[in-house]
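Required output: the full structure, derived from the provided sequences and hints.
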Amino acid sequence: AQKVTQAQTEISVVEKEDVTLDCVYETRDTTYYLFWYKQPPSGELVFLIRRNSFDEQNEISGRYSWNFQKSTSSFNFTITASQVVDSAVYFCALNRDNNDMRFGAGTRLTVKP
Amino acid sequence: NAGVTQTPKFQVLKTGQSMTLQCAQDMNHNSMYWYRQDPGMGLRLIYYSASEGTTDKGEVPNGYNVSRLNKREFSLRLESAAPSQTSVYFCASSVLDADGREPQHFGDGTRLSIL
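Heads up: the sequence lines are chains A and B, in that order.
Using the working numbering, you'd call the opening residue of the first sequence number 47 and step up by one each time.
Using the working numbering, you'd call the opening residue of the second sequence number 16 and step up by one each time.
Warning: the hint list may mix true and false statements.
[As the list claims (entries may be wrong)] Pairs of lysine-lysine residues, derived as DSSO-like cross-links and limited to a Cα-Cα distance of at most 27 angstroms, are as follows: (1) K24(B) - K84(A); (2) K49(A) - K72(B); (3) K72(B) - K84(A).
Simulated from the structure, these hints should not be mistaken for laboratory data.
Here's what the structure looks like:
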């Protein structure tokens with residue numbers, strides 16, 4: 047069985063603070079893909095990043111960075127110097143080498159001015 | 016450049032009524048999906064279609080049927096709506112590229128309320 051756990055239901059920070067969103071996954075597969083999506087208040091789902099199980103390199107994209115650690119089955123997401131526009135629900139997702147995608151329950155991030 | 020288009024955006028049904036949610040994509044993707052999103056539960060996969068002519072059950076298929084009409088269109092049908100099916104429904108599509116599984120592209124969602 048595959049499962050994604052986002053233990054943080056809600057996080058609230060003040061603008062310019064750094065914040066890390068946790069994602070822990072379970073799978074028995076050796077080939078799998080991990081994703082992060084953002085859902086702003088307008089409701090659409092925006093793709094942020096994809097990682098395959100063979101690529102453990104961390105990635106940085108502007109203020110966003112991702113830390114993938116297979117040893118702890120975690121794929122955490124850090125926003126540096128958060129902004130009000132980062133306020134959204136963030137979903138971590140796991141996809142095996144097929145079409146069955148499993149999402150975590152999401153973390154609601156509120157960035158206050 | 017529409018991407019994934021869902022219709023309708025909003026719908027209110029009475030218990031027992033039937034309804035078909037439509038989804039179309041113009042990205043020539045092979046795979047299409049239907050999810051439901053409920054508060055505190057993230058997105059759950061209802062059905063997916065890996066290619067034209069094939070459909071498979073996801074995590075929560077009970078109470079739903081799907082049709083992959085052609086490569087572009089994937090519809091979701093509620094034959095006898097129940098209040099437990101009140102949710103936001105998302106359609107998505109993706110393609111398997113040389114680097115592995117492409118991210119899914121989502122429609123804007125259909126907010127369905129069943130009274």
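Now the hints, each set against the structure:
| no. | hint | verdict |
| --- | --- | --- |
| 1 | K24(B) - K84(A) | holds (20 angstroms) |
| 2 | K49(A) - K72(B) | holds (17 angstroms) |
| 3 | K72(B) - K84(A) | holds (25 angstroms) |
In the structure shown, no violation is registered for any of the earlier numbered hints.
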